[in-house]
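The residues making up each chain are set out below.
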Amino acid sequence: MDTGTESGGGDAFAARVMKKAREVQHAAVQSRAYEIGDGGPTTLDRGEELAMYGTQTGKVTGGDVLPGSRGWKGLEEWYSWIPSIFEPFTKLPDPASFDPIISSFDLVISQFGGHPDDPRGKRGDRIDSTIWGNMDSVANNVMKWHGRAAATFDEFSDPFQYIPHNHCALAHVLSQSTKANQQIFKSARDDIFAIADAAIVALGGQTSSGGTDVSFNLTVVAAVAGFVAAVPSFGATLPIWFAAVAAGAAVGAELAPKGDNHKENKLTANIRGNTTDTILDSMVDSVKRFERLVEQEEDKIVRILRSNLEVVNSKNSQADIVAPRPDLANLRSGEIDSKMGPPLGRPN
Amino acid sequence: MGKYDKDYFAADLEALLRMARIKLPDMADVYLTANHHVSDTGDRDASAFTMTSRVYPAWRDLRDEFQRILGKTADNIGGVARALEMVVGHYADADDEAAAILEESVRDSGPKMRSPRYDKLSAPEMPKE
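Going down the list, the protein sequences come from chains A and B. Position 77 of the first sequence, counted from 1, bears residue number 76 in numbering that gives the first Met the number 0, the numbering being contiguous throughout. Position 32 of the second sequence, counted from 1, bears residue number 31 in numbering that gives the first Met the number 0, the numbering being contiguous throughout.
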C-alpha cells in the first residue's frame with residue numbers, strides 16, 4: 000500500500016497521488032465494465048451510453064466491454080472526473096518543509112537555557128542562570144547608586160525573574176503548533192492514499208447482490224491531540240504564564256482528548272456500495288469528510304494560537320512578557336548627575 | 000575624598016562597567032540571537048505553509064509578535080548597557096584619581112572589558128510588514 004510519507008518532495012508526492020487516482024479510475028472502469036458485461040440490473044446512464052456507444056437511447060443494459068474497445072474507452076472518459084477529486088491533495092505541503100522552522104524555535108528555547116523537549120527544565124534553573132542571574136547582578140550594582148534612573152531600575156529588572164520563562168513558553172507554543180501542523184499533513188498524506196486504496200478494494204470486490212464495505216482509518220483526527228493536550232498543561236506549570244494562558248488552557252481543556260475518547264482519535268471510515276457508482280459516491284463522501292476533518296484539526300491549532308496572541312497582547316499580561324523600558328536606558332548625558340548619582344554612604 | 004573613597008568609587012565604577020560590557024551585552028546577545036532565529040522562520044514559512052493554510056495567519060501573527068518582543072527586550076537591555084557606559088565615562092572624566100584606578104583595573108581584566116560592546120550589538124530584526 001502506498002503512503003503519503005514515503006520519501007519524495009512535493010512533485011514526487013503529487014505524481015504518486017495522481018498515479019493512485021488513475022488506479023482508482025481504472026478500477027472503476029473495470030468494475031463498471033464487469034457490471035455491464037454481466038447484464039446488470041440497471042440500464043446505462045444516457046451520458047454513459049453516449050460516451051460508450053455514441054447513442055442516447057436509454058435502453059442499453061449490457062454486453063461485453065473489453066479492454067481497448069470503444070466501450071472501454073468510453074468508460075474511461077465517463078470516469079475521467081475521478082483524478083480531479085484527488086488533484087487538490089497533490090498540493091498538500093511537504094511535512095519536511097516544517098523542520099527548519101521547528102529547529103529555529105528549538106534554538107530559541109536553547110538560547111534561554113531550556114531544552115526543546117523540556118523547555119522549562121525540571122526547575123527552570125538553567126533559564127534562571129542564563130538571564131535572571133545576570134540581571135539580578137546588574138540590578139544590585141545599579142541600585143547602589145541614587146537618583147531616579149537607579150531607584151526605578153527594579154521595575155525593569157525584577158520581571159526578568161519570570162519573563163524569560165514566558166519567552167521560552169512562547170517559543171514552545173510556536174514550535175509545538177508548527178509540529179502539530181506538520182503532523183496534520185503527514186497524516187493527511189497517508190489518509191488520502193488510504194481512501195484511494197479502500198476505493199480500489201471496494202471496486203474490485205463488489206457484487207451486484209451483497210455489495211461491499213471496506214473500512215479504513217483516518218489518522219488526521221489524531222494529529223493535533225498531543226499539541227492540544229501539551230500546550231495548556233505546559234503553560235499551567237509556569238510561574239506567571241499560567242495566569243496569562245488561562246484562556247488558552249480553557250481552550251485546551253475543551254479540545255483535549257478525555258479518557259476513553261482517545262479511541263476517537265483514530266477514526267474508522269468506510270467505503271461501501273453495491274454498484275460501481277454507489278461505491279464511487281461513497282468514496283467522494285469520504286474525501287469530503289476527510290477535507291472537513293483536516294480543516295477541523297487546523298482550526299484547533301488556530302484557536303490555541305489566537306488565544307495565546309490575545310493573552311500576549313492583553314494589557315494585563317504585557318508586563319509578564321516585556322519588561323518596561325527603564326529610565327536608565329533613555330538617560331541623556333546632561334541628566335547623569337541628577338538621575339544616576341554615585342552611591343551614598345561610602346566609608347570615609 | 001580620601002584614598003579609601005577613591006578605591007571604593009573606582010570599584011563602583013568598575014562594577015558598572017562590568018555590567019555595561021559583560022553582563023548586559025551577554026544578555027542582549029541571548030535576545031538578539033533568539034530574535035534572529037525567529038526572524039529566520041520568516042524566510043522559511045512560505046515553503047511550508049501553503050497560500051490557503053488556515054493555520055498560517057494565526058501562526059504568523061503570534062510569531063511576529065514574539066519576534067517584536069525579543070527585539071524590544073534586546074533593545075532595552077542594550078540601552079541600559081549604553082547608559083552605564085556613559086555614566087562611567089561621565090564620572091571617570093570628573094575624577095582623575097578614580098579614572099586611573101579604573102583604567103588599571105580594566106587593563107588587567109579580560110578582553111571583553113577593554114572596549115564598549117553595546118555599539119557592536121547587531122540591530123534586532125523586526126517582522127516584515
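Rather than coming from a laboratory, the hints here were simulated on the basis of the structure. Note that the structure is a prediction, hence the values are computed from the model and not measured. Careful: at least some of the hints might be erroneous.
Think about it this way: if two alpha-carbon atoms lie no more than 25 Å apart in a straight line, the pair counts; the simulated PhoX-like pairs of lysine-lysine are [as the list claims (entries may be wrong)]: (1) A:K143 / A:K90; (2) A:K287 / A:K58; (3) A:K143 / B:K127; (4) B:K111 / B:K71; (5) B:K5 / B:K71; (6) A:K314 / B:K71; (7) A:K143 / B:K111; (8) A:K314 / A:K90; (9) B:K71 / B:K127.
Listed next, with one range per pair, are the computed distances between beta-carbon atoms [what the hints assert, rightly or not]: (10) A:W80 / B:M125: 40 to 50 Å; (11) A:K314 / B:R106: 43 to 53 Å; (12) A:S332 / B:S121: 50 to 60 Å; (13) A:P342 / B:R106: 38 to 48 Å; (14) A:K265 / B:P110: 54 to 64 Å; (15) A:N269 / B:E128: 26 to 36 Å; (16) B:E128 / A:S128: 35 to 45 Å.
Positions of the beta carbon are idealized from the N, C-alpha and C atoms, including for glycine.
Right, here's what the structure says about each hint:
no.	hint	in the structure
1	A:K143 / A:K90	62 Å, violated
2	A:K287 / A:K58	33 Å, violated
3	A:K143 / B:K127	41 Å, violated
4	B:K111 / B:K71	24 Å, holds
5	B:K5 / B:K71	37 Å, violated
6	A:K314 / B:K71	17 Å, holds
7	A:K143 / B:K111	23 Å, holds
8	A:K314 / A:K90	40 Å, violated
9	B:K71 / B:K127	15 Å, holds
10	A:W80 / B:M125: 40 to 50 Å	49 Å, holds
11	A:K314 / B:R106: 43 to 53 Å	49 Å, holds
12	A:S332 / B:S121: 50 to 60 Å	25 Å, violated
13	A:P342 / B:R106: 38 to 48 Å	24 Å, violated
14	A:K265 / B:P110: 54 to 64 Å	59 Å, holds
15	A:N269 / B:E128: 26 to 36 Å	49 Å, violated
16	B:E128 / A:S128: 35 to 45 Å	37 Å, holds
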